[in-house]
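First to last, the protein sequences are chains G and Z.
Position one of the first sequence corresponds to residue 0 (numbering that gives the first Met the number 0), numbered consecutively onward.
Position one of the second sequence corresponds to residue 0 (numbering that gives the first Met the number 0), numbered consecutively onward.
For the record, the hints were derived by calculation from the structure and aren't laboratory data.
Check the hints yourself; a few may be wrong.
To be verified - 20 Å max Cα-Cα, derived DMTMM-like pairs, lysine to aspartate or glutamate:
{"id": "1", "chain 1": "G", "residue 1": "274", "chain 2": "Z", "residue 2": "150"}
{"id": "2", "chain 1": "G", "residue 1": "274", "chain 2": "Z", "residue 2": "7"}
{"id": "3", "chain 1": "G", "residue 1": "90", "chain 2": "G", "residue 2": "134"}
{"id": "4", "chain 1": "G", "residue 1": "142", "chain 2": "G", "residue 2": "221"}
{"id": "5", "chain 1": "G", "residue 1": "31", "chain 2": "G", "residue 2": "19"}
In this text, all values refer to a predicted model and were calculated from it rather than measured experimentally.
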Amino acid sequence: MKFGLFYELSVPRPWTRESERTVYDNALEQVKLADELGFDQVWAVEHHFLEEYSHCPAPELFLTACAMVTKRIRVGFGIVVCVPEFNHPIKIAERTAVLDILSGGRVEVGTGRSATWTELAGFNASPDVTKKSWDEFVRCLPKMWTSEKFEFEGEFWSMPRRTILPKVYQRPHPPMWVAVTSPGTELDAADRGLGSLGLTFGQFAEQEKRIAEYRRRIQLCEPVGEFVNDQVSTVNFLYCHEDDAVALQTGRQMANHFNYLAAQLISVRETYPSKSYPSLGLLPQLRRQATGPEASEQAGEGLCLGGPERITRALRRWEACGVDRVNFLLNTAETIPQADVLASLRLFAREVMPAFNGSKS
Amino acid sequence: MPIFGELELGTIAEELPRLRDLDTEAWELPKAEILQVACEIADGSRALLPRALHPAIPEYVTFVVTRYPESPVGPFDLAQVRLMARAGVHPRGYVVGAVASTASAASELRARWGYPAAPGEITLRRYHDRVAAMVRREGQTILEMALIDPEIVSGGDLQYIHGITLARVDGASQLIQVDPHYTLHNAARGRAHVSRFDAAAWHATPITLTTPISASVSTSDTDLPRIRFVMDPEAPVVRGTRKVR
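Starting from the given sequences, assemble the full structure and let the hints guide the process.
Written as C-alpha cells, this is what we have:
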C-alpha cells in the first residue's frame with residue numbers, strides 16, 4: 000500500500016492578504032516533509048468559486064512548486080475538470096507535459112467533470128453533457144501525448160492536424176485516473192482502463208463491493224491509453240498523535256469542519272434535475288458523517304484519526320478491501336496548527352508506514 | 000466558518016405568524032401539482048436570512064407554486080418565495096413570502112406551520128410548450144413565471160429541499176422545519192423564466208434576480224407533516240436545534 004497527500008487548499012474566513020499565502024506555504028512545507036518521509040504522491044484538485052472549501056483553481060501551478068522542492072514524490076494533477084468551458088483539452092495535454100518534464104516524469108493525471116452547480120454555472124457549462132465531454136477528453140489525451148501529430152473532430156471540440164508540444168517525459172505517458180464519488184463511476188473508470196481515484200470516506204463494506212466489481216470489470220476493458228492503470232486509490236483524513244484521545248478529538252474536529260464546508264456547496268442535483276447526475280455524490284455522505292449516528296462515534300469507520308495502532312488497524316482494513324493507495328487530507332481551514340500537522344506526518348511515517356509494503360521503512 | 004444570515008429579528012418579530020402550538024396535525028395532500036423555478040440572485044439577501052442559517056453559495060431563490068386539489072380545508076393553491084440556505088450542513092428553503100388562494104388555507108398555514116401566507120389569486124396552467132404560474136394580490140401581479148419546453152424526467156431526478164418558516168411560538172421566535180414527503184407520479188424539467196417578480200410584495204425587497212437556473216414540474220402525493228424540529232433563529236443550528244418529536 001502506498002500513501003499520499005490530497006489537497007483542496009481550504010482557506011478560513013476572515014480572508015486577509017496573507018491567509019491564502021499561508022495555506023499555500025504550509026501545504027508546500029508539508030509536501031516537502033512528506034517527500035523526505037517516503038510518501039508516494041501528492042494530489043491537488045481543481046476547484047473554482049468554492050468559498051473557504053477550496054481555493055485551488057490552478058493545481059498544476061501548485062504542483063509545479065511541489066515538484067521544485069521535492070525529489071521523489073509523484074505529483075497528481077487532478078482532478079482536472081474535463082469540460083470544455085473549464086479547460087481546452089489541448090491546454091490540459093500541454094500543461095501536463097510541462098509539469099511532467101519539470102518534475103522529471105512524476106506526473107499522474109486525475110480526470111473528472113465537476114459535481115457542483117456553483118462551478119458548472121460559473122463557467123456557463125451545461126451539467127447535462129459533462130459525462131460525454133469527459134469521455135471525449137480522456138480518449139484524446141493519451142493520443143495527444145503520444146502521437147507525433149494529432150487531429151480530432153468530436154462533439155465538444157475539434158482541431159486540425161498539429162504537433163502538440165511538448166511531449167510528456169514519461170513513456171508511454173503518465174498514469175490516468177478518474178475521480179469516483181458517485182456509485183457507478185468506478186465502472187466508467189474500469190471500462191476505459193483507468194485507475195479509480197476514490198473521493199469518498201469510510202464505509203468498508205460498500206467500498207469493498209465497489210472495488211471488487213471494478214477489478215472484475217477492468218479485466219474486460221478497452222483501454223483509452225497505452226496501458227491499463229488498474230489501481231484503486233481512496234482518500235482519508237490523517238491526524239496521528241501518540242495520545243489516541245487527543246488525536247481523535249483534534250482529528251474529528253478537522254473532519255467535521257471539512258464536512259461542514261463541503262455541505263455549503265450547491266450540488267448539481269440540488270438545483271438542476273439531470274440524468275447526468277443520478278446521485279448526490281459525496282455531499283450526502285459528508286452530511287451524514289457530520290450529523291448522523293457516525294458523528295457521535297469516536298472516529299468514523301475507517302478514518303485515520305487516532306494513535307498509530309488505531310490508524311494501522313484502519314489501514315489494514317482498507318488493504319483487505321483491495322485499496323492500493325490512500326491519499327490523506329491533513330488539515331481543513333487551518334484548524335490544526337502547522338507544527339502539529341508536521342508532527343502527525345512524522346509520527347505516521349515512523350510508526351505506521353513501516354507496517355505496509357511499498358513505503359519507506 | 001461560512002457566513003451567516005444577518006436578519007434583524009426585532010424588525011419583523013411582531014409581524015410573524017403565530018403558531019397555536021407545536022402539535023400541528025399532519026395534512027395529507029394527494030395529487031399535488033408542483034411548479035418550481037430556481038434563480039440565482041444578486042448579493043444582498045443576507046439581510047433577510049436569520050442568523051442561524053448560512054446563505055447558499057451562490058445565493059439563489061426558488062419560487063414554488065403548488066396546486067392542492069384535496070386538503071382538509073378544501074382545494075387551494077400555494078405560492079412561496081424561498082431563499083435557499085443551509086441549516087448547518089442541510090440545504091433548506093427559508094420561506095420569505097407566501098400567498099394562498101383561499102383565506103382559510105392562508106389562515107391555517109400561518110397557524111399550523113408558520114407560513115407567512117396572505118390570501119391572493121394564483122393560476123397554474125399547463126400548455127404544450129410551457130407550464131405557467133401567476134400570482135396576484137390586491138389587483139397587482141406580483142409573480143409571473145414559467146417552465147419553458149417541458150421534458151419528461153424520472154421522479155428520481157427531482158430533489159425537493161425541505162422548507163423552514165419563521166414564526167412566534169409561546170411568545171418566542173422560532174424557525175420551524177417543514178419537511179414534506181413526496182411520492183412522484185410524473186415529472187418534467189425545463190428552462191426557467193420569470194417575467195415578473197415584485198420583491199417588495201413578497202417582503203423580499205433585497206432580492207434581485209440574476210441568472211435563471213432550472214424549472215421543474217411534478218404531480219405528487221405529498222403532505223404537510225407534523226413538526227419535527229424547531230430552531231433558535233439567532234443561534235447556529237448545531238446549538239439551537241430542538242427535536243419536537
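Verification of the supplied hints:
no., hint, verdict
1, 274(G) with 150(Z), "12 Å, holds"
2, 274(G) with 7(Z), "41 Å, violated"
3, 90(G) with 134(G), "17 Å, holds"
4, 142(G) with 221(G), "15 Å, holds"
5, 31(G) with 19(G), "19 Å, holds"
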